[in-house]
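Student: Position 369 (the sequence shown) corresponds to 369 in our numbering; numbering is contiguous.
The reader is advised that the hints may include incorrect statements.
Below, simulated SDA-like cross-link-like pairs (lysine to any residue); rule was C-alpha separation at most 20 Å, straight line [as the list claims (entries may be wrong)]:
{"id": "1", "residue 1": "K189", "residue 2": "Q238"}
{"id": "2", "residue 1": "K275", "residue 2": "L355"}
{"id": "3", "residue 1": "K571", "residue 2": "I269"}
{"id": "4", "residue 1": "K453", "residue 2": "G494"}
Quick list of simulated restraints, FRET-style, between CB atoms [unchecked claim]:
{"id": "5", "residue 1": "G483", "residue 2": "K236", "range": "55 to 65 Å"}
{"id": "6", "residue 1": "N246", "residue 2": "K453", "range": "32 to 42 Å"}
{"id": "7", "residue 1": "E556", "residue 2": "D248", "range": "58 to 68 Å"}
Since the hints were derived computationally from the structure, they do not count as laboratory data.
Just so you know, even glycine gets a beta-carbon here, dropped at the ideal spot from N, CA and C.
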Amino acid sequence: MKKLSILMLTICMMGTFQTNAQFGKLLDKVKGKSSAGKKSGSFATVWESEFDNKATRLAINNGNGSYIIGTDDNSASVLDASGKVIWSGDYKKITTNKTNNCEYQYVIWKEKGGYLFLFDERKMGTDRVAVIDIATGKELWNSEQYQNLIPKGTKSEDGADQGELETVKYISELDAFLISQRASVILVKADTGEKIWETNRYKGGVGKYIYDAKRNEIIMVNFKPTAFGALFAGFKNQMVKINASNGDVLWDATFVGTIEKELVTRRAILDLWIKDNKIFMYLNGLQVYNIDNGQKLWEATYENDMGGGSGGLFSNSARKKYYRTLADPLFTDNAVYIVMLGTRDRTKYVEKHDLESGKLLWASEKITGAFCMPNIYKTGDKVMVQVGGKVQVQEIRMEGGYGQAKTAVPYIYWDYKAQKNSVLALDDKTGITSWRSEKFDKRITDLIIDDDKTVFVGDGDEFYGYDIASGKQLFDVKHNDAGVGKAADVIDFGDKVVVLSEKGLAAYFKKDGSRAYATDKIRGVDFFYEIGGNYFLRDQRDSKNIIYGIDMSNGETKGSVQSKGKGGSPKYGDGIDISEDGEFIYAFKGKKVEKIKVNN
Numbered sequence: 001m002k003k004l005s006i007l008m009l010t011i012c013m014m015g016t017f018q019t020n021a022q023f024g025k026l027l028d029k030v031k032g033k034s035s036a037g038k039k040s041g042s043f044a045t046v047w048e049s050e051f052d053n054k055a056t057r058l059a060i061n062n063g064n065g066s067y068i069i070g071t072d073d074n075s076a077s078v079l080d081a082s083g084k085v086i087w088s089g090d091y092k093k094i095t096t097n098k099t100n101n102c103e104y105q106y107v108i109w110k111e112k113g114g115y116l117f118l119f120d121e122r123k124m125g126t127d128r129v130a131v132i133d134i135a136t137g138k139e140l141w142n143s144e145q146y147q148n149l150i151p152k153g154t155k156s157e158d159g160a161d162q163g164e165l166e167t168v169k170y171i172s173e174l175d176a177f178l179i180s181q182r183a184s185v186i187l188v189k190a191d192t193g194e195k196i197w198e199t200n201r202y203k204g205g206v207g208k209y210i211y212d213a214k215r216n217e218i219i220m221v222n223f224k225p226t227a228f229g230a231l232f233a234g235f236k237n238q239m240v241k242i243n244a245s246n247g248d249v250l251w252d253a254t255f256v257g258t259i260e261k262e263l264v265t266r267r268a269i270l271d272l273w274i275k276d277n278k279i280f281m282y283l284n285g286l287q288v289y290n291i292d293n294g295q296k297l298w299e300a301t302y303e304n305d306m307g308g309g310s311g312g313l314f315s316n317s318a319r320k321k322y323y324r325t326l327a328d329p330l331f332t333d334n335a336v337y338i339v340m341l342g343t344r345d346r347t348k349y350v351e352k353h354d355l356e357s358g359k360l361l362w363a364s365e366k367i368t369g370a371f372c373m374p375n376i377y378k379t380g381d382k383v384m385v386q387v388g389g390k391v392q393v394q395e396i397r398m399e400g401g402y403g404q405a406k407t408a409v410p411y412i413y414w415d416y417k418a419q420k421n422s423v424l425a426l427d428d429k430t431g432i433t434s435w436r437s438e439k440f441d442k443r444i445t446d447l448i449i450d451d452d453k454t455v456f457v458g459d460g461d462e463f464y465g466y467d468i469a470s471g472k473q474l475f476d477v478k479h480n481d482a483g484v485g486k487a488a489d490v491i492d493f494g495d496k497v498v499v500l501s502e503k504g505l506a507a508y509f510k511k512d513g514s515r516a517y518a519t520d521k522i523r524g525v526d527f528f529y530e531i532g533g534n535y536f537l538r539d540q541r542d543s544k545n546i547i548y549g550i551d552m553s554n555g556e557t558k559g560s561v562q563s564k565g566k567g568g569s570p571k572y573g574d575g576i577d578i579s580e581d582g583e584f585i586y587a588f589k590g591k592k593v594e595k596i597k598v599n600n
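Whole structure, please, built from the sequences with the hints as guidance.
Tutor: Here it is, written out as structure tokens:
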């Protein structure tokens, strides 16, 4: 089984596409030796270094590069900003309870260092946990009183929301871990392990929580962990509000619906928001609760037909499922817009509700033949609806060469489904269709709204501009003439729209649709990132990984980093991490680390 750490499978994970790459050569053997001026592609290498261990589990930086950690099942090594080893050691020697063989581990970064949380699941004996201070390598605390944190029989490749187990959540505002047990939930101090409080009025895994700083309260929604659901006798769907100081349950409410987990990331499929004196829970529509007493105020829900069966609309199966098919709710000061899923006719449409009362203000026309409606936009007196577009696929593939045993390999990628793609403009007061574009035959990109006046969109082979008020088509440019393949996404960049395509980029001026530039071919691009004003493209094919740095003003490639390494951030793929300001890339391969400067 291809090993992926918990951290590698978080909701931040934008995709585990297949990748095409080769690790930049690491020639210097001396740890921390500067290699300024050496090139990786056309990027300059700042330094090359080594961990004391092979980073087969985690390999990431803390955001600003002052700490870089590499771990395997049994040890950790931490470097500083210059690539020098700060500390390294075996878990068995660092921890006083001899925590070891930690296939589950994740990092919580803080201003100085952070916490390395270790889980040692023992088949014979008592499970162990330990927390190590990343800055010093010293054990902060350990415990053997928390059991079943890892559901029995769960594969080490299964991750969870935010990189954590469903039974353990880190609450940054309190600097504390919330731990779910069979009969209770316990809050412990992250730096000491000291119990703050315990309550037996909540059962199940923590599907989602919100910390309300104004009231010093935690609102949590539970779900039944399938792998060890038998432990939770009398389980019920719960939303609770807890006093964060003492654990008192202020109210307990039930909710309708089944919380599913994504196939690969294991993220709980629901969201929570606090707005004024209300809690909004997004689970097959909206359920709205009074924050003071937990009373349900109103709901707008639908029956979800994404589950199972090759004959279903979504053609989901046990090993392949589709996500991001419906737009998130769009909130304004006094209303909320929701994409609804019809049940009998399996149509999709938009509803506008009064935010305070939940009153249905209008429902749009029903759209048939739309596999997804992934984005809605409020602009002036119009609501713009994207009918069709890319969806996220999570898949488990059985792979293995001739004569080899098949192993399950997880993939996450974006894909297009054949459907009736178009741009739909609704009147905000009535929900009546103001105009609808022609139907795009092959696909539709996301929409770019410019100054509440124009909307730009691609359909694969063409690039369009529309006047929002009238629906008049301002231009139609043959994007296939750019020679960069079919359009996959769009990027708003000043006076231009950059169209990310299958083989590179083409940019068009917003004023008239004229082409600003087209890049040399960069094949296999599947995603882009904007980090601190720096733009990156990702190419993942053949189980490899390439990250390109791009100057969006002219389409020129600043450089590329190629990696075959493990670890890295789930955002950027195997063997790659990028600093929060986008100025540095970290490439990992086994014990080796390379720090690369983006802008020379």
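Student: Are there hints from earlier that the structure breaks, and if so, what are their numbers?
Tutor: 1 and 6
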